[in-house]
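Chemist: If you want the building blocks of each chain, they are given just below.
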Amino acid sequence: MSGGSKGGYLATDIVIAEDEPSILESLEFILRRAGWSIHCVTDGDAALEAVRRLRPRILVLDVMLPRRSGFDVLKHIRADTDMRPTPVLILTAKGQQQDRRIAEELGADAFVTKPYANAEVVGAVRQLLGEGSGSA
Amino acid sequence: MLSADFVIATAVAYVGLLFVLAYFGDRRARSNQRSWLHSPWVYTLSISVYCTSWTFYGAVGNAARSGLEFLTIYLGPTLVFVGWWFLLRRLVRISHQQRITSLADLLSSRFGKSNRLAVLVTIIAVIGIAPYIALQLKAVTSSIQAVAGASEFGRGSLTGIDDVGLALGVAAAMALFTILFGTRHVDAKEQHHGVVAAIAFEAVVKLAALLAVGMFVVFIGGGFEQIFSDAAAAGVRVDAENTFDVRWLTTLTLSMAAIVCLPRQFQVTVVENSDENHLRTASWAFPAYMLLMSLFILPIAVFGLAKMPAGSNPDMFALTIPLAFGQETLALLAFIGGFSSATSMIILESIALSIMVSNHIIMPLILRFGSASRNGGGVTGLLLFARRLSIVLILSLGFFYFFFTRDSNALAPIGLISFNGIAQFFPAVIAALFWRDATRRAATAAIATGFVFWFWCSFLPSFASVSPQVVLLLEQGPWGIAWLRPEAMFGLEGLDPLAHAAFWSLSANVLTLVIGSLLTSQSALERLQASVFLDVFRTNQASGGNFVLGSATANDLFFVVERVLGDTRAAALFEAEARDAGVDPDLLEPSPEFIGRLERELAGSIGAASAHVMLSKVVSGSDVSLEEMMQMADETQQAIEYSQQLEKTSAELRSTAQKLEEANTQLRELDLQKDEFLSQVSHEVRTPMTSIRSFSEILLHADDIDQQQRRKFVSTIHQESLRLTKLLDEILDLSALERGERTWRNAPIDPERALDRALDVCEALLRQRNVSVEWGRRSGAALVEGDPDRLCQVFINLISNAVKYNDTANPVISVSTRLRAGHHLVDIADNGPGIATGERKLIFEKFSRGAQAAADQGGAGLGLAISRQIVKRMHGSLDLVQSPLPGACFRVRLPVLVV
Amino acid sequence: MLVLTLLGALLMLPPLVLVFNQPLRHWGLPQTVLYLFALWLVLIAGTALLNRFLPPEPAGSDSEAD
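Chains as they are written, first to last, in our numbering: chain A, 8 to 143; chain B, 75 to 973; chain C, 249 to 314.
So that you can see chain A by itself, here it is in the shape it has in the complex (with noise of 0.2 Å):
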């Protein structure tokens, strides 16, 4: 997976797009104290507008979003040239079968279901950003 250059001035690495607000906090909580940097939004259109703008190295992804919905970003990043190789990690939380293979299908590169416990979210985005398990 070829990552985008890590460390860059006002380089944002993770693009969060959660309408729960609480869900959202703990997401920026966990992520920002596992060092990265983070930008959140709360509808699809903000989400996509951020990729596009912001060339974040990965995007967390809620299925349930207003305005656009999670799948609908991500079908649109994977047909856009520029955003395409962004990985997107797609949160649900109506984890059933079928929202997997939607996902992957659209070409998601990892699926999380809530509830989830913090360390699950760290180590996908960890492990898409393709650096060790060294730092908590």
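A couple of the hints might just be wrong.
[Claimed, not checked] Estimated spans, in silico, between C-beta atoms of each pair:
(1) L727(B) with L258(C): 43 to 53 Å
(2) E112(A) with R892(B): 47 to 57 Å
(3) E112(A) with I779(B): 37 to 47 Å
(4) I294(B) with Q279(C): 18 to 28 Å
Bear in mind the hints are in silico, worked out from the structure with no lab data behind them. From the three backbone atoms N, C-alpha and C, an ideal C-beta is built for every residue, glycine too.
Keeping the supplied structure of chain A fixed, place chains B and C upon it in accordance with the hints.
Modeler: Same frame as chain A, now just chains B and C:
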């Protein structure tokens, strides 16, 4: 001493009594369907009209001459009644279904409603019965003579009047009496309750009289044993070796046929039957009656033979023995008994025959040549006139037969001639009931053939005593052809004349019927009627639609039916039909079933064939298409019936399968809905769970968090758990509401007060968000049916929605209420973002939230769904309406109670 | 019922009836007479008895009401 005048006066008085009885019987039967007249006992007694003066006088004579032979006349009918389940029950059921009015009607109906056959049967019946009527006239005449002849001065006004004159008088009186009795009105079913009542009464009288004479004889004879010993001593033998010869078999067979085919027996047993269950009683009671009648016949006969002077007429023993012993009262009783048995026979026989003659001969003639349906007079009057004419004709024939054969002595042989003639119908009747392939042409030919043989071998020879030509014929045959001698056909000599005649006529009859049926084929209508007759116990429905609709209008039909049945009955029929069809009588479209019913009603008055012809004329142009239809539909009548049943069954199966399929689809839909619901519930539960878990893990593992942040996280966890609780509560609430399980009490409440309360509850929220409330106009107090707390819940939900989803700078809520068209309306509007057109329907669904709704609103999207359910339970509605403000406007609409 | 009817017919026809047609007397009455009346009684009683076991006709079998 009895004088003839006294006896005749007694007879006239007796007839008067009968008339009164018949009159009141009729009135009673009409006013009360459940009167004793409808009891099986009256029915049984009326059947005993079979026992005529032939039994009363003739059987004694017969016993005196031929020993036990007289018993066969009663044993034959006993067999028929013992086996009622096979023959009589079938006959009665068919006749009820087809409105059969006579034997001729039965045969004509079975064989394709052929009027020609009906005419033939009628003519033969009239001729065949003539000797029988003559027998009664002879018996009555002889009995009067016997009484009068007993003393010199006894003749009174009879002086100078011979047998013939007396018989003529009796015949005339009988004709008058029968006309008065039996032709006062036309009944659809040809049931004569009054006559039946009188007949039943006569049955009791004649039985009592014969029993009285019998007991008297046994008493003066010194008991049964003594009588038989005395008789044996006098050389009288009853148990002759040759009793059980061909004659025994012949008379037994003839009497079996007679109990079914005699016009009067058919009338009382079949036509006058008002309940099939009566047969059950009659099946043993009528044989019992005959047994009682026969009990003393033998003792009377042998006693008479032993004790009465030589040369006495044994036929009159029942009368002459009491006279000889000076018992005048008993003799008078015996006379009345014999008179009873004669009158009942004559009355019923001529009524039955007159029905046949008028229905099958006179009416068809009028229909064909006259234009009865066009001229002013109704058919009813014509019908009655035809019947009266027939009665006179029948009695005249009887009288003439008596006149020509007056010199022959015995009664029983005359009766047997009639029996033999009438028995010619028996093969056809049996075939009609049991043989599907019997054809009209074969039946007609068989009856005609049998009749010719009977006429030649039995009827003609009975005139031997008055006509030398007949004697010559008997001895030499016509034109000297020996093998055509009436009593020795085809060289069959030495046989008893009765057995001879019965053998040839019935053999020829049966042979013609069988061979003819195998050679000829049935018409469509015949096949149809054959199935109706043979499947009478299989199909409960009489075949209705024998007519194909041509251009017949209800008016035409009414015109015809009115002529026959009279205005009242016709109107009742048509009105009933119109009522069933649910239309105005003037607009009635006659259905084939209805025409079929009319035909059966008409058949009740004028016979099946005439009714069919009459209606065919009206239902114009239908005959051809009817035949064609029959040909197609009738080929396998049975197959069709079965296939109809199958079709019905399979239609039922189909509908059941369809219902199951629908239920299955519904279940699958419900299952899908349930899956969807569970998935949504899962989502809604997982969301707060995620924050709770995540934050608790953070708090568990990270020690480096400051106090303030820690507090914030704990508070989030708390809030999310509250949200979870609320969500679960709502889900349970909604499912209970949807299933309608929750005990729900609607009471009259004021919705305005519920609204006020809701605003009170929301005050804190409103203040917190800086929302201002604008009041529109208000309806004032109103009453609706509902649960105040629930209604309040709805308002709170609407108000908090209006607050929560409103992100404008100066949020405003507008509330207004009013009464309109019997409903109380509450509008709650806001100046928020409103609801996109595409979502207007969705927002009332479970777990749906407007797209604008950011996640921070904390609801699961069940609020509107619950509110809508609640309002529905109050018989109202919750809708999204045009808003006076930029945002959304919800309207609660509840029906106002009218107090 | 059919059996009863046929039996009755057989018993009152030759040749069976001839079995009893002998010039004998019982209680002063000819045997033939006794035999025939006894047979008659049996038929009546048998029918009355059998009728109890036959299903009754459905009510209202009297065709259509009028």
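Chemist: If a hint holds in the structure, say so; if it does not, say that too.
Modeler: Hints versus structure:
{"no.": "1", "hint": "L727(B) with L258(C): 43 to 53 Å", "verdict": "holds, 50 Å"}
{"no.": "2", "hint": "E112(A) with R892(B): 47 to 57 Å", "verdict": "holds, 55 Å"}
{"no.": "3", "hint": "E112(A) with I779(B): 37 to 47 Å", "verdict": "holds, 40 Å"}
{"no.": "4", "hint": "I294(B) with Q279(C): 18 to 28 Å", "verdict": "holds, 25 Å"}
Violation of the numbered hints given earlier is absent; every hint is satisfied by the structure.
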